[in-house]
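The listed protein sequences derive, respectively, from chains F and V.
Heads up, the first sequence is in numbering that gives the first Met the number 0, so the first residue is 0 and it goes up one at a time.
Heads up, the second sequence is in numbering that gives the first Met the number 0, so the first residue is 0 and it goes up one at a time.
Note that these hints are calculated values from the structure, not bench results.
Even glycine gets a Cβ: it sits at the ideal position worked out from N, Cα and C.
Among the clues, some could well be false.
[Unchecked claim] Using C-beta positions, here's what the derived DEER-type ranges look like:
1) F:Arg32 x V:Gly456: 58 to 66 Å
2) F:Ala27 x V:Arg594: 50 to 58 Å
3) F:Thr135 x V:Arg454: 22 to 30 Å
[To be verified] Some chain F residues well away from chain V (every beta-carbon gap over 10 Å; in silico):
4) Thr17
5) Ile19
6) Ala82
7) Pro134
[As the list claims (entries may be wrong)] Heads up, incomplete: computed chain F residues facing chain V, CB under 10 Å, no partners named:
8) Asp37
9) Arg40
10) Val48
11) Cys52
12) Ala110
13) Leu111
14) Thr117
15) Ile139
16) Ala144
17) Cys148
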Amino acid sequence: MSTDSTDGAAERPTEEITVIVNGEPVTAEVEPRLKLSDFLRYECDLHGVRVGCEHGVCGACTVQQDGRTTKSCLSYAVQADGAEIETVEGLAEEETDSLHPIQEAFHETHALQCGFCTSGFVMATKELLEENPDPTREEIEEGLADNICRCTGYQNIYEAVERAADAMED
Amino acid sequence: MSTSHPAETDADAESDSSRESFTGQGLPRVEDHRILTGEAEYIHDITPENCLHMALVRSMHAHAEIVSIDTEEAEAHPDCELVLTAEDIKSEYNPMPTGVGRIATGEDGEPAALPEWALADEKVRFVGEPVVAVVASDRYAAEDIADLVDVEYEAMDAVADGMAAREDEVVLHESVGSNVVDNERLEFGDPDAAFEDADHVVEGEYTWGRISGVPLETAGAVATYDEESDSFDIDCNIQLHTLVDNMIYETLGYEADDVRVNVPADVGGSYGTKIGIHRYCCLTSMASQQLERPVKFEEDRLENLQGGDMHSSDREYQMRMAVDNDGTMRGLDVWFVDDFGAYPRYPINQVLKPLSVLTNSYEIDDVTYEYDLVLTNKTSQTAYRGFGVDPHIYALEMIVDEAARALDMDPTEFRRRNLIRPEQMPYTLPSKNLYDSGDYPATLDRIEEIIADERDGGLLDPEVVAAKREEGKYRGVQPSVIIEPGASGSDWTDRQRTDKDDLATRSRDEVEELPEHLRAEIREDGSVHAFLATDSSGQGHQTLVSQLLADELEVLPSDIEVGYLDSVDAPTEYGSAASRMAVMLSGATVGVAERLLANVEELAADHWGVSTDDVTYHDGTVDRLGGNDSLSLAEIAELDAETNAADERRTRVSYNYNHPATDLEEFDEALTSKLPVYPTAAFGANAPIVEVDVNTGSVEILTFHTVRDCGTMLNPMIVEGQAHGGIAQGIGAALLEEFGYEENGQPQAITLFDYLLPSIENVPEIQMEHTETPSPFTETGAKGVGEGGMIDAPASIATSINAALDPLSVEEPASQIPVAPDHLRKKLRESEQ
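Just chain V, same shape as in the assembly (with noise of 0.2 Å):
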């Protein structure tokens, strides 16, 4: 491991070689011109001629029947053109494809069909369902049609609470007869015998309330359906275009081919988030077919907020830990409820997620992992930064303290001694995943420093503390070494849809892992067109790409170009989430590098007579050796027009990356039974100094210190500005956000006055270190970085809670994402009787 400023990383990239490498560098951005001067075109500001607005119809009721839909003076509006309801719609189209596809159900175990409709058919389920939509010339008068449509509902009873549902009193999909539609009990080791043996057994109860990552831009769709060719061009901001494309063309009855699913290079935030929002490509391509027109459709915030399949985890846990009085963690077990809204969609596998970093920074072999997913009158989950693992960590964290307490030992002693060590790298966990490096021990020492310092005359001086504390302010800081699981397989994210008898016997050839795709062609103007086959919102990868490039190709940054491509033209693929792409854009570099390469000499020697072992490439130019003659990038792209055919061009090259973990033996057993394939460990130690507020209970973060480490870093400035951004939602999610329900299924947050996103107020300064262990299973060593903050931070706050309440002896004061005023001042009242 190196302790590193971005300097030194540089230094030792020229050791290598004697150009300098642009890889390493906190280049600025090529993205960020375009966006300052306000010309970049997000998906709201692309409206083709001739377009036409949509504007939906949403259920004020949680549960409800539809009894009846009366569109006539909705139609009778002159500006009316379109008025769709699931009548009409389920006449000519599909369902849309759900997450657990056909559920096995009733004592036959015949499968059931969970139809969902993109517009409700004959029930709504949720606050905010569209049940209609309208289209007109414009926004405006859409609006004032959808208020001329006139519903009738016969309100039903609902179900808002993830616990209550599983009892079934309130049914969501009579079909289904159950609302817990997946669960699964997984038993690593022996934890059995771990709980009868051990000394102590501890349990604690944690609730992660309902967040999300509410991107400033809100989801958008525009839809132009061409007769002629009987096909589809939709613009929109859905996040893994090429990956979740099938959810539009199977909705609309078509095959990949002609559903063409373009992503605007700009995309204002997603967190993955937007990896849902299907239903409005599809709403809007089935107008625009009927019409043939183009037809747009620009969600507004209420929407979002309450009706737009955007909400994420929802969770109650129950934990127990297993621990020796010499403070040895012996086992874990894990139960928990994860609350999915209405309909189980795609991110269905973020409850198995966490299994990828089951026991965190610690070595713990018996382990049960256990949840039901329920369904309940509430707007479905989509994905969120950090996939699952963020609730697991904090509730995993807060047994950690319970045991601690149990053990009268000092937290961050008792999380010391059972760390995974540097030597047990790379680290196999119960459940098959492997940790690739890092020295956790050494983490956990640096941050302590650093909170040695502010006990030593800083923020946690014991002068200062103490005062504090006659105010009624309670400072306190707990770390703890947290782990981002990176870099995702895709074979294992349809575990819940596959037969799992057939796993234990499933060979390691009958694994399909996506390839992540690359292509790069040189112009006769001697630029570099790179393009990728994922979108992006935000990440940077058009710098990322341009210089990981440039150094493979010993060209400058600015002689590259990277674009993007559609659904069509790309490949089936994963695409960035899940802390992908620093990984695999690595590879996918190097490889399409190698193959243009290879080729421009070809081109060369071909034209020079000679073999390729007598030419020679550097710094965009071949050289014929001992002879004068050189060949620039230019003049081999146009060599290559003049005696190639447009397809056959052999300066355009693709490049499909395998999964690192398809060549590694170490993930076979993880891959063969489908458990989370995440080959890369980035890990990092928080140390947020809170200071509770005992007469309110509100908690400020003081400052923010971080000690991280993600491997290799390819672009230091976009790791930290990673960092920032995750620590921030992560700040938002451990004080500030929820989606509350009424017990009705009612919203409280449909506004952003309700749904409290962090400001510039809410987030202290971060002091951030690195460190940098490579790892050794990626092309260049760097580890997946995209979700970290967002995955330790919640977890350190709370524990910091916990540390700063200690003196009060209230019990477990952070039990409750968010550690809201209220719920603390609960908890303080609650300790004083």
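Same shape as in the complex, but just chain F (with noise of 0.2 Å):
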């Protein structure tokens, strides 16, 4: 056993990038080899990025990039320099605590239990409803079909797209 008592630090490189998280400036000092769940968990202090497998298929880091759905897991801070993210930390209304009828939605009609899965599973509904108010059920199980909850067996999580979609469209 040996323990270390140097006290320079490794030099390594970093880069300045600007992104604009839930909404808000966030400028920081990264290594190009950040990822962009890392960033957004550490540098933004977002937790609700899960990061399940680092490797794109279980969808729990799933964040909107520019609108648009992405495995944050996949990618580096870098690449989002000048992007605008947003996390499920971004859904609820903030003055008034309330929740997003997606979010809502899942919680009415059971559709989470362990909850580790769940923020990437309320931002890939938001991105399918966005884009189809009033998804069949073949349409959600394509929609959703990039992201692994292990506990619920998605039978919940249908019903809670269905009603999201109907609560949105009031």
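Put the two chains together into one complex, using the hints given.
This is the structure:
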């Protein structure tokens, strides 16, 4: 065993980026290798961005970048320089603390259990309903096929999307 | 039995009391808001100030000697804080406790030690085994430093097949001398006579591939050593933190009270698997002690899949069934090998749990049950939803199909003839566990009605089925009634560490069952705070306890907050596993509420100077009989605070609910002989309509019908959620998931591209009906419900695939789980020859 008392830190190149995160500009010096998911979790303190696989399968880290969903574990923060990012933290009405209709629908239909995938599903649902306000079951299946949930068996997620679609139509 | 919608359950509850009952309602969960807004703190989100980060160097060999470890370059890295190897930890700490502990071995029967160090010592025994730990300021730097460690290996032959490992050509642990580290043969009734007398004996071999829970959240631990108190605080997402904390404190060489294990309120799924993450808790603790700073480890997905100590059952079955011409099941002979990987860890008793449902829903008196527990060059097993029952039920239903075929009898009719009947309840199995209640024939009848509807213009309409066959698509379904054992006892779980000779003479007084602990207190604002001694990972325990306690205290669920106790504040208890919590928490809640209300009445009576007979409690208020005085819960809590010291408050109580089997003589034989005790038997019948494409070997489930009974439903919404999730995991097991290995021990599934978790496209619509047959053995009539879908879905899908391909005379098409396309194509090719 050895402990190291060397004071000098390793030289690690950084780059300055500015990202609009949930409507607010965030400027930071980041390593080019910093994943966008880690930037959001640790630089922006947005823990709702969950990291489940870091290879683009599970979808727990899904956010919106310039209005389109993206798996934030698959890109680097520097690639988001100048972009607008929306995470699950940006959905609830800040002043009234009232949930977004999609969040409300997930709650009412028991569409989450452990909740680790939930941010990703909520963001994927948001894009789905923005593009298609009244999706069929097949369209829901297609729209959410890039996200994995290990707890719910997806049954109540269909219900949640349909309920959210109804609520957002009104 | 009552067939009911949740609404009817509510009506029943209302008839007992003028007050609305929250229990039995699908109350939305209190856990949801923080999760949906991103505020929930999972273990990955916990990073104390000044925290350092750990990365692990892992073996790329399945079996090799460690020749040398060169850490010089790593240590020279400017961000490096610490490098640990086995040599470093062996001088200060202990090996991690193993499941079988000391193993009898050799002709002299001398016990051999089987030490598992948190870092590989001298040898590596599976791909992914941690060899070196490095600590740095952040994870990125730690990974850089891990890359600089140079480990030289001398590769050895490996064994990665359970059957082959029994030959001991490659031996994992020289100190033991054999890979078979545990085995037992149990006989019930007179199986020899049954097999001799019966008209037919059928045999079959079935494989259950290595699968596991694979929660979306990987393991994590943050350890903080405090030099002044010489103690550890560990935040982690371990499951059963009050039971398995010994894995951590024994390894560290400390007393239980000096190692505080705390699990966040939100854990991103476990399904049993996180019981085995203690290695990470130990390593972060050791590093924190060396550095006197908090140290965090977050497992990544590649580590998790290949070396995360988290795979589960991996079995080869040889089944025999004795049957008579009239369709009577006479005898059953179960033999299997379970491949536990490199070390026999805690869940070795997964091989025993099937005894609790030995003959499933069938009456068979004469049975043998034998297993070999073997070690191979794979990552160690942990628990997974079903705890070893799922493969047993699958293998049993396969031999039942085979027997029906040998008798040329309709497989459903064959099953019906042998079902345990409602008038036999409670029914004692040959293996001494009891089924509490249920009408299995009625459940089979109901699922048959549903299938009849599908045959009449539905998915199984004969015209549709015939047309599909023209395209090479074969549809079919085969239901059976399947039991989910619930609310495990704890005493039996160390059977494998017990001298079997002592069991015959063991008395009932020697049985020690762990109770369920619950605390509750009333605060001066009138709110009630309850504290669970178990951890949760998505089951909704906070919601459940607030519902139950609101009813008992006649307040609103919103008046109640539910928190968690760490391993030091909580007593040693079992926790959430083995479909226990609905039963155990309802018992504990009733007990804690009774105690709290008795004290509340006494406090009020003392205040007024009257007898407790002269006061009455209702709806959060104590009234003085014959007077106008009343006191609210808030006022009572204030009175208590004024008169009693903080540690003597009477508005703070705890209760230990004894396991229900301990009060029931019926379980005495099972308890004293350490046979699995599961006093509740939930049950159900599935009808997955499958379609097999004979050209590709792929299987699609068109719809999944299920009729289920878990006794009284405390929260029907949560009950259904548990069933949905279990069935989805069962679908993954049956068709998609497997941790395959090359012969040389190289893992084939190390990403989620290889280990296929079911997506929304793989899970069909689940059409669910419930019946409610209350358990006579539990406080609320509830039965365990957490594991059912995972236990029954794989068997039902496999029997349905057999049924679909019945017209093609394929030899046991579903003889292997998962029934993957390559397996089915092989079977189909063989049948064409």
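Hints, one by one, checked against the model:
no.	hint	verdict
1	F:Arg32 x V:Gly456: 58 to 66 Å	holds, 60 Å
2	F:Ala27 x V:Arg594: 50 to 58 Å	holds, 54 Å
3	F:Thr135 x V:Arg454: 22 to 30 Å	holds, 27 Å
4	Thr17	holds, 22 Å
5	Ile19	holds, 18 Å
6	Ala82	holds, 19 Å
7	Pro134	holds, 12 Å
8	Asp37	holds, 8 Å
9	Arg40	holds, 8 Å
10	Val48	holds, 8 Å
11	Cys52	holds, 4 Å
12	Ala110	holds, 9 Å
13	Leu111	holds, 6 Å
14	Thr117	holds, 6 Å
15	Ile139	holds, 8 Å
16	Ala144	holds, 5 Å
17	Cys148	holds, 8 Å
In terms of the numbered hints stated before, the structure departs from none.
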